[in-house]
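Asker: Chains as they are written, first to last, in our numbering: chain A, 1381 to 1935; chain B, 1381 to 1935.
Calculated from the structure, these hints are not laboratory results.
Do not rely on the hints blindly, as some may be mistaken.
No copy labels: a pair is met if it fits in one copy or bridges any two.
Below 27 Å or equal to it, Euclidean Cα-Cα: the simulated DSS-like pairs (lysine-lysine) are [claimed, not checked]:
no.	residue 1	residue 2
1	Lys1479	Lys1758
2	Lys1430	Lys1758
3	Lys1734	Lys1479
4	Lys1443	Lys1759
5	Lys1425	Lys1734
6	Lys1560	Lys1425
7	Lys1390	Lys1734
8	Lys1703	Lys1430
9	Lys1560	Lys1418
10	Lys1738	Lys1706
11	Lys1443	Lys1734
12	Lys1425	Lys1564
13	Lys1706	Lys1560
14	Lys1390	Lys1430
15	Lys1706	Lys1564
16	Lys1418	Lys1564
17	Lys1703	Lys1425
18	Lys1430	Lys1855
19	Lys1430	Lys1564
Chain by chain, the residues run as shown.
There are 2 protein chains.
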Amino acid sequence: MTTANSLFTKHQVLLEQACSAVQDRGHWLPYQEIPSGKFYGDSAKQEGEKAYLARLNSHFSLKGSPVTGQAGVEVSPYSGALNITYDQYDASELVSTAKAALPQWRDAGAAMRVGVCMEILERLNQRSFEIGNATMHTTGQGFAMAFQAGGPHAQDRGLEAVATAWMAMSSVPENSHWNKPQGKHDPLIMSKRYHIVPRGVALVVACSTFPTWNTYPGLFASLVTGNPVIIKPHSQSVLPVAITVEVAQAVLAEYGFDPCLVMMAAEGHEVGIAQALALHPDVKVIDYTGGNNFGDWLSDNARQARIYKEQAGVNTVLIDSLKTLKRSAQNLAFALSLYSGQMCTTPQAVLIPKSGIKTDEGDMTFDQVADYLCNAIKKFLSDPERAAGVLGSIPNPATVARLESACSLGRVRLVSETHPVPGYDEAVYRTPLLLEVDGSDPAWQQEQFGPISFLVAVESTEQGFELISDAIARKGAITFAVYSTDEAVLDRAERVAIEQGVALSCNLDSGIFVNQAAAFSDFHATGNNPAANAALTDMAFVAGRFAVVQSRRHV
Amino acid sequence: MTTANSLFTKHQVLLEQACSAVQDRGHWLPYQEIPSGKFYGDSAKQEGEKAYLARLNSHFSLKGSPVTGQAGVEVSPYSGALNITYDQYDASELVSTAKAALPQWRDAGAAMRVGVCMEILERLNQRSFEIGNATMHTTGQGFAMAFQAGGPHAQDRGLEAVATAWMAMSSVPENSHWNKPQGKHDPLIMSKRYHIVPRGVALVVACSTFPTWNTYPGLFASLVTGNPVIIKPHSQSVLPVAITVEVAQAVLAEYGFDPCLVMMAAEGHEVGIAQALALHPDVKVIDYTGGNNFGDWLSDNARQARIYKEQAGVNTVLIDSLKTLKRSAQNLAFALSLYSGQMCTTPQAVLIPKSGIKTDEGDMTFDQVADYLCNAIKKFLSDPERAAGVLGSIPNPATVARLESACSLGRVRLVSETHPVPGYDEAVYRTPLLLEVDGSDPAWQQEQFGPISFLVAVESTEQGFELISDAIARKGAITFAVYSTDEAVLDRAERVAIEQGVALSCNLDSGIFVNQAAAFSDFHATGNNPAANAALTDMAFVAGRFAVVQSRRHV
């Protein structure tokens, strides 16, 4: 039997690969991303679906502080209310329970914590089909995406955080021998010890659209550095978090640790638990993904905590010229459609010079480019199975309302259509709305969360760069894509990316899309513009979560 | 001639030694700490003093934005007013000038910046005697201490920051080759680039007591990661900073960089430049050492910046039992005397059980221990030359006033005496005041900056731990020393240290003192209690000063 002591050894090879990967940043996938029986076992798909269905219409119980109530308001856009209830807790009791679990976890040491965290990730990986179903029905993502983003790709990000934190922690020795020569006298010799000590209790405030992908980096970065973690899920996307916490608690208990090192603070329509947790003096680390209202509130009020947050932004594409018109348009069609534009990496605005552009199929006017792109989207989404799989179904009525009222924001170039999702009688998918506006129009420079995109007419490529720079500086962005056959333009784009702290993708026209960020290779956000104050996953994301406390004595 | 490109190579061996040292944390000294001609050249001492004297009664000119005025109010406690004036600038102009210098420095790359920073440190090292004199006459430290703390030991901390930052930056590759297999199809291949990008303009708000030691970590951590740095010196301790900036500007210019990458914002008695700089939206990183008033103000107001700060604290010593009474008392006598208690690491309170303690010279009552310690201090300071060298001369009238009024805070066990400094007619040194109070007395639990210490009578060793834990949690601390012959008590102390985030020293009775922290081996502060939110120099101190911006394209 594997003991807690041997968990590190069990996972050591994978850990070393992960540490190499984060430094090499080539392609590396620790967890299989294809939802296939070949990798997950022949019955995995059926068992995962069955496990998901067994969750419905029941109570989901987790370890925590004394229960004060129950809540559960999740509605699948595909199949209606999940009717799952979750326990609720008092914020102060949760923090006390977490704090009580801290010393044993801290004193277990970095290597043991790494072993336990990697065991949790391995178990989560085995549950990928169940988590995929849970993610699909809470976020509205198509199953293929829900499996990948909710399962292996989220696990990748978790392991990336563990590996980066291990590099930071293991750069500090456990002890040292300090020997200072004193000329003719005996040397001064001291024995020193260095302890990795967590900041305190950590809080992760999860989002509705990526309840695991955006949660695992903070969860594992905090946990592996010794901080007990309380996850406050979005009320619409609790189940993927609950399964995650269940797995974490089971592994912790199995290896002799307090399962309450990872707890969940669910709530229903009424809000308040996130605020109460965030303001607790013992909560020292907060990870947050979501809108600016709560993010700004956190920065203004949760002053005792180190905050790692990702908020709204305006991602842009600038088309200067195209060397592969057709493939580039197909690539953008996918990028604008994927998950109905609800990714924090989805481009919101495509800037095109009014005077038209050069392409491999000849010169094109602005109107021709706009039409070509709209047609590419229409064609890409003409097959309902594919359209539903790519677009998913929007669970949030506010997003639907935003889409419905967005027509007034510009000249409609592509109408958003509503169609039934094949196989789900009650569900619909909505195709992207494309609006034409002028570069000076403020509409495109404000996040319009959902399948709403702008074709922006600019005076020139240079004006496009200026407008994009200004929008990012004011509103933030995580991605920026440029299309040009001119190296000087690509260099200019690189400079904008550096100045504004945004990830640049150049001339994407194959199987990579601007909204995709691969763990171990792509950094997600930079912390250098208003969209985020941290990056997944760089050294700054992990290093502030622990302190080093030393002692010394003469030998 | 060494070019900018070859500076990295020039310093590479030392850099590699420094990177090993910060990970091994054994004894390592890159810069000679003994003020001897043997290391610095036979004429170094005379030349350094001459260079210092040549600064007096003149204007000290540095590169900066347009000059708006002049100020200079430094007074040597040894020899009176320095009569040096420094240029003053408009805060907004300074930031604009710094910002304009940023792109070239950022684009030079991490290796070149490391080379330039190490060249600056090498040149500073050559100026150690001049800086030592400047430090002595501004801080009031005795020369030996001023040389060490102001010169080589400050340079050590600067190099430690450079090495730690280099480790963080060099863990990110400059580019990667991302090759993802696609089964039977051609692989997806992307070429990616990763840029180390600074946060913006950095500000260092220096303190009066250690104008270089507490400044170099932030200065070099920010500079080497690409941020231009503006140093706002304390009005009493400008000269050591000015010499530092002069050296940095000379090296930067010599290697083709804008000298305004490092600038100084001096002020006189009127205040305001630090606030104006701290609130500037382009100032993204702030390092601060000093009192809580300005530190709290920074946290409340400079919300656009990442703040690394060290504030007030209450350092303690707990005596449970002594295995070497005499040597332990001598050690504490030095620790309490050094620089008149004006170190952020000086113990303020010595807690002793009321029931007395066991020692190698027999059982002793509280009173006997108190008397023994007072006598050890008296004896240690009985030689005026030695006393003046160790104590220095207090330049700050507020500290003198605090000392003079402190007698009312407890029962006086050792009177503070005032004596002339040998060789300086106008100067005096002041011996430490020791007050006896009860454990419950709030007086010892509040920083009393200066040569004011408390002998605190506690019910038991355990109560001592509890009082110390409580004081650290509320007021912060950087150091904690314990004396005990009982391993269980030392273990208990280790636990207090871990819980409260304070560095522990056990049974110091030889040539190491609790207030000394050796670069490359000892971390200074932890960030886990109110005395500081950062540590010199761990990964968290450097990693947040830069972002990684990436770009990618198909191959």
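Asker: Does each hint hold? Answer for all of them.
Answerer: We went through each hint and held it up to the structure:
1. Lys1479 - Lys1758: Classified as neither; 54 Å inside a copy, 46 Å across copies.
2. Lys1430 - Lys1758: Answer is neither: 35 Å inside a copy and 81 Å across each miss the 27 Å cutoff.
3. Lys1734 - Lys1479: Intra 60 Å, inter 33 Å, cutoff 27 Å: neither.
4. Lys1443 - Lys1759: Cα proximity of Lys1443 and Lys1759: none, with 49 Å in one copy and 62 Å across.
5. Lys1425 - Lys1734: neither (50 Å within a copy, 71 Å between copies)
6. Lys1560 - Lys1425: between (63 Å within a copy, 25 Å between copies)
7. Lys1390 - Lys1734: Classified as neither: same-chain Cα gap 59 Å, cross-chain 53 Å, threshold 27 Å.
8. Lys1703 - Lys1430: Intra 48 Å, inter 68 Å, cutoff 27 Å: neither.
9. Lys1560 - Lys1418: between (60 Å within a copy, 19 Å between copies)
10. Lys1738 - Lys1706: within (13 Å within a copy, 87 Å between copies)
11. Lys1443 - Lys1734: Cα proximity of Lys1443 and Lys1734: none, with 60 Å in one copy and 46 Å across.
12. Lys1425 - Lys1564: between (74 Å within a copy, 24 Å between copies)
13. Lys1706 - Lys1560: between (69 Å within a copy, 23 Å between copies)
14. Lys1390 - Lys1430: neither (30 Å within a copy, 65 Å between copies)
15. Lys1706 - Lys1564: between (80 Å within a copy, 23 Å between copies)
16. Lys1418 - Lys1564: Answer is between: at 17 Å across copies they meet the 27 Å cutoff, but 71 Å inside does not.
17. Lys1703 - Lys1425: neither (41 Å within a copy, 68 Å between copies)
18. Lys1430 - Lys1855: neither (43 Å within a copy, 55 Å between copies)
19. Lys1430 - Lys1564: neither (77 Å within a copy, 33 Å between copies)
Violation of the numbered hints given earlier is confined to hints 1, 2, 3, 4, 5, 7, 8, 11, 14, 17, 18 and 19; the remaining hints are satisfied by the structure.
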